[in-house]
Amino acid sequence: MQQLKERILREGKNLGNGILKVDGFINHQVDPALMDVCGQEFARRFRPIGATKVLTAEISGIAPALTTAFHLGVPVVYARKHKPITMPDQVFLTLSPSHTKGRMVELIVSPEYLSGGERVLIIDDFLASGATILGLVRLAQTAGAQVVGIGALIEKSFEGGRQALAHLGVPIESLAVIRSMEGDRFIFDD
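Under this note's numbering, the first residue of the sequence shown is numbered 436, with each subsequent residue one higher.
Hints are computed from structural coordinates only; laboratory data are not their basis. It is possible that part of the hints are untrue.
No farther apart than 27 angstroms at their CA atoms in a straight line, the calculated lysine-lysine pairs in the DSS-like style are these [stated by the list, open to error]:
1. K536 to K448
2. K518 to K536
3. K518 to K440
4. K536 to K440
5. K516 to K536
6. K518 to K448
7. K456 to K440
8. K456 to K536
Here are the in silico distance ranges between beta carbons for each label pair [as the list claims (entries may be wrong)]:
9. Q525 to M436: 35 to 41 angstroms
10. G604 to S550: 19 to 25 angstroms
11. L530 to R479: 21 to 27 angstroms
12. G604 to K456: 21 to 27 angstroms
Built from N, CA and C at the ideal position, the CB exists for glycine as well.
All chains, full assembly: derive it from the sequences and hints.
This is the structure in structure tokens:
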């Protein structure tokens, strides 16, 4: 998606070790107009799969997941990283490595909001190694739901996440695919 690529070129920063800083428009300060356009594009690409719910991880995946769910007309559920007191005692929980935090994080979903029979579309900000998305897949499968598609705003194809998810046999869509990051130079796949 050209609009997202242009924004990455203009404002993205390579912090080294595969970390792309896009917090000025995606994951700290959020550009709602850009997220709406991204959500429309995801909805266009994924409408045929018949998702009944969009699932993402707290916090950076919420904006694109919300706009995608809005344009699909389905609810969005986000996996929490800390269990609030309002959540029931029995929850779906998995651990996933966080590239930016440099440690394992919990992903927690209440069974009130994810259950068997759901057709789940996973939307996240990044597809890098695939570890976070695989954690979301485990949560959906534990709930008895079927993952029917995966979308990421930005894919860093050099980290192998798409290959790690290929065994799922579901459509995987990324709006901007970065083949390499060297200094301030980003090379996109078309």
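Hints versus structure:
At most 27 angstroms may separate the alpha-carbon atoms for a hinted pair to count; K536 and K448 meet this at roughly 17 angstroms. Distance check on the hinted pair: K518 and K536 sit about 18 angstroms apart at the alpha-carbon level, within 27 angstroms; holds. Distance hint between K518 and K440 is unfulfilled; the C-alpha atoms sit about 35 angstroms from each other, more than 27 angstroms. For a cut-off of 27 angstroms, the pair hint linking K536 to K440 stands: about 25 angstroms separates their Cα positions.
For the given pair, K516 sits about 12 angstroms from K536 by alpha-carbon distance, which is consistent with the 27 angstroms threshold. Using a Cα cut-off of 27 angstroms, the hinted pair K518 and K448 is violated, with the two alpha carbons roughly 32 angstroms apart. Only pairs whose Cα atoms come within 27 angstroms are accepted, and K456 paired with K440 is accepted, the gap being roughly 14 angstroms. The suggested pairing of K456 with K536 holds, with an alpha-carbon distance near 13 angstroms, which does not exceed 27 angstroms.
At roughly 40 angstroms, the beta-carbon separation of Q525 and M436 lies within the given 35 to 41 angstroms, and the hint holds. Checked against the given bound of 19 to 25 angstroms, the beta carbons of G604 and S550, roughly 22 angstroms apart, stay inside it. A beta carbon spacing of about 34 angstroms between L530 and R479 contradicts the range 21 to 27 angstroms that was offered as a hint. Checked against the hint of 21 to 27 angstroms, the C-beta distance between G604 and K456 comes to roughly 33 angstroms, which is inconsistent with it.
Hint compliance for this structure: hints 3, 6, 11 and 12 are not met, and every other hint is.
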